[in-house]
Amino acid sequence: MTELPPFQTVIDEHAATVMAVLRGAVGRAEAEDCFQETFLSALRAYPKLEDGRNLRGWLVTIAQRKAVDHHRARVRGPIPVADVTEARDGDSPSHEPALPGEGNGIWQAVGALPPKQRAAVALRYACDLPHAEIAAALGCSPAAARRSLHEGIKRLREELA
Amino acid sequence: MKTTLQRLTERAAAAGLLDVAYTTADSPFGPLLLARTERGLIRVGLPSQDHDELLGELSERISPRVLEAPAELDSARRELDLYFEGRLDRFDLPLDWRLSDGFRLRVQRAIARIPYGQTRSYTEIAAKAGNERAVRAAGTACGRNPIPVVVPCHRVLRSGGALGGYGGGLPMKRALLELEGIL
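Residue numbers (my numbering), protein chains in the order written: chain U, 387 to 547; chain S, -16 to 166.
None of the hints are false.
Sample of chain U residues facing chain S (criterion: CB under 10 Å; computed from the structure): (1) E389; (2) L390; (3) P391; (4) F393; (5) I397; (6) M405; (7) F421; (8) F425; (9) Y432.
Simulated from the structure, these hints should not be mistaken for laboratory data.
Where is the CB? At the ideal position from N, CA and C, for every residue including glycine.
Generate the whole structure from the sequences, applying the supplied hints.
Structure follows, in structure tokens:
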């Protein structure tokens, strides 16, 4: 088992990345709550973490999970959502409602991407992660991460053209 | 992000996930690291020590759930402030002794009982700890005191009255002895 640094160090080093991921995934207004949930879950699990070498990837994975939970809760909940741009079929996480008004511009378009593409784009451009770490965070191969990123960028180009 | 992080620390404490809380406090000698667990004060880091290294040791030996949480150390900070102003002659803080064991722990507990304004020799402390011949080991135990100032290892001197050593440097030891009216 590798030695784990004090959790405060983990917060200091990765809070900005986690916040950027969550802003990309759920929007600025909701990111705060997801941020708290992400770090509380991480803190709970931390002493039993067996490998402390990729803490950023670990945190980003938890953040992605919290973002998905958050979207599911919203889909189930009674809150009406404006601006649904994608067709929805039930609870499938790949068809989530559009994100709440994040203002205009590119991040709104990013927020409307399917989850894998959205995550890949946020991790690459908001957090500056290399493909291998994006893959680790998303639980897929580097090639698949590259593909998601590519698809996401292509779609953004089309939407913003 | 400040309020976000403060909220996180408060929620961690409320959820029982804050195993080691720490802060940095000002002192006349420079910044002190103060760390506590739910049992009490576990570590005082002197200005001359590497505080990051001490936090790493706490993470390894107690729990990696180490968070900066100044409010959790309010009473320790208040008592230390009063002590450095010469307005407090007895600390009333619960202590967590888990960083020491065996003879070393017995020595440190004996040091904790030396009253304000008095001194003991390394030999006397070794005897109090149950082995009057282990003077050198008693000296080592003084040097490894995890809770200096509050556990007053600065009150332990050589038999002839020479200062001996101090983890925070001899000028600090001398100043503390002057503060207490010993020198």
